[in-house]
Amino acid sequence: MLQHKALFLHGIGQEYIQGKMEIYMPGPGEILVKIRVATLNPMEWKIQKYEFDFIKFPIIAELDVAGDVIKIG
4 MLQHKALFLH GIGQEYIQGK MEIYMPGPGE ILVKIRVATL NPMEWKIQKY EFDFIKFPII
64 AELDVAGDVI KIG
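Just add 3 to the spot in the sequence shown (first one is 1) and you have my numbering.
Derived by calculation from the structure, the hints in this document are not laboratory data. Hints may be right or wrong, so weigh each one.
Said to hold, decoys possible - Computed cross-link-like contacts, DSS-like style, restricted to lysine-lysine with a CA-CA straight-line distance of at most 27 Å:
#  : residue 1 : residue 2
1  : K37       : K8
2  : K59       : K23
3  : K49       : K23
4  : K8        : K52
5  : K8        : K23
6  : K8        : K49
7  : K74       : K23
8  : K8        : K59
9  : K59       : K49
10 : K59       : K37
11 : K74       : K8
12 : K74       : K37
13 : K23       : K37
14 : K74       : K49
What the hints assert, rightly or not - Here are the simulated distance ranges between beta carbons:
#  : residue 1 : residue 2 : range
15 : V40       : M4        : 21 to 27 Å
16 : D56       : V36       : 25 to 31 Å
17 : G16       : A69       : 26 to 32 Å
18 : H7        : Y53       : 27 to 33 Å
19 : M28       : E54       : 22 to 28 Å
20 : F55       : M4        : 29 to 35 Å
21 : E54       : P31       : 22 to 28 Å
22 : F55       : P31       : 25 to 31 Å
23 : E54       : I34       : 27 to 33 Å
For every residue, glycine included, the Cβ atom is placed at its ideal position computed from N, Cα and C.
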């Protein structure tokens, strides 16, 4: 099983925690990206601080990334 690093947020007011998760192969209409750079953007800081009805925890920080497409589903 291939894994990669990820930042997880388990609830409002909690800290982002680095962990690992399985790499899934892309299905139809999806791509797999080897991420070269990732940042937390203002929305991810707001999700950490404020309650939004549409957010279901835990979440993975993934809004701002750049990298190379390595597989197309």
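Each hint, compared with the structure:
1. K37 <-> K8: OK: K37 and K8 at ~11 Å, within 27 Å.
2. K59 <-> K23: holds (19 Å)
3. K49 <-> K23: The hint holds at about 23 Å.
4. K8 <-> K52: holds (23 Å)
5. K8 <-> K23: holds (5 Å)
6. K8 <-> K49: holds (22 Å)
7. K74 <-> K23: Satisfied, since the Cα-Cα distance of roughly 20 Å is no more than 27 Å.
8. K8 <-> K59: holds (20 Å)
9. K59 <-> K49: Given that 27 Å is the threshold and the Cα spacing comes to 14 Å, the pair holds.
10. K59 <-> K37: holds (26 Å)
11. K74 <-> K8: holds (18 Å)
12. K74 <-> K37: holds (9 Å)
13. K23 <-> K37: holds (15 Å)
14. K74 <-> K49: Between K74 and K49 the Cα gap is close to 32 Å, so the pair fails against 27 Å, i.e. violated.
15. V40 <-> M4: 21 to 27 Å: Holds, since V40 and M4 (Cβ atoms, about 25 Å apart) stay within the stated range.
16. D56 <-> V36: 25 to 31 Å: holds (29 Å)
17. G16 <-> A69: 26 to 32 Å: holds (29 Å)
18. H7 <-> Y53: 27 to 33 Å: holds (28 Å)
19. M28 <-> E54: 22 to 28 Å: violated (34 Å)
20. F55 <-> M4: 29 to 35 Å: holds (32 Å)
21. E54 <-> P31: 22 to 28 Å: Roughly 35 Å apart at Cβ, these two residues miss the hinted range, so it is violated.
22. F55 <-> P31: 25 to 31 Å: holds (30 Å)
23. E54 <-> I34: 27 to 33 Å: Cβ of E54 to Cβ of I34: about 32 Å, so the range 27 to 33 Å holds.
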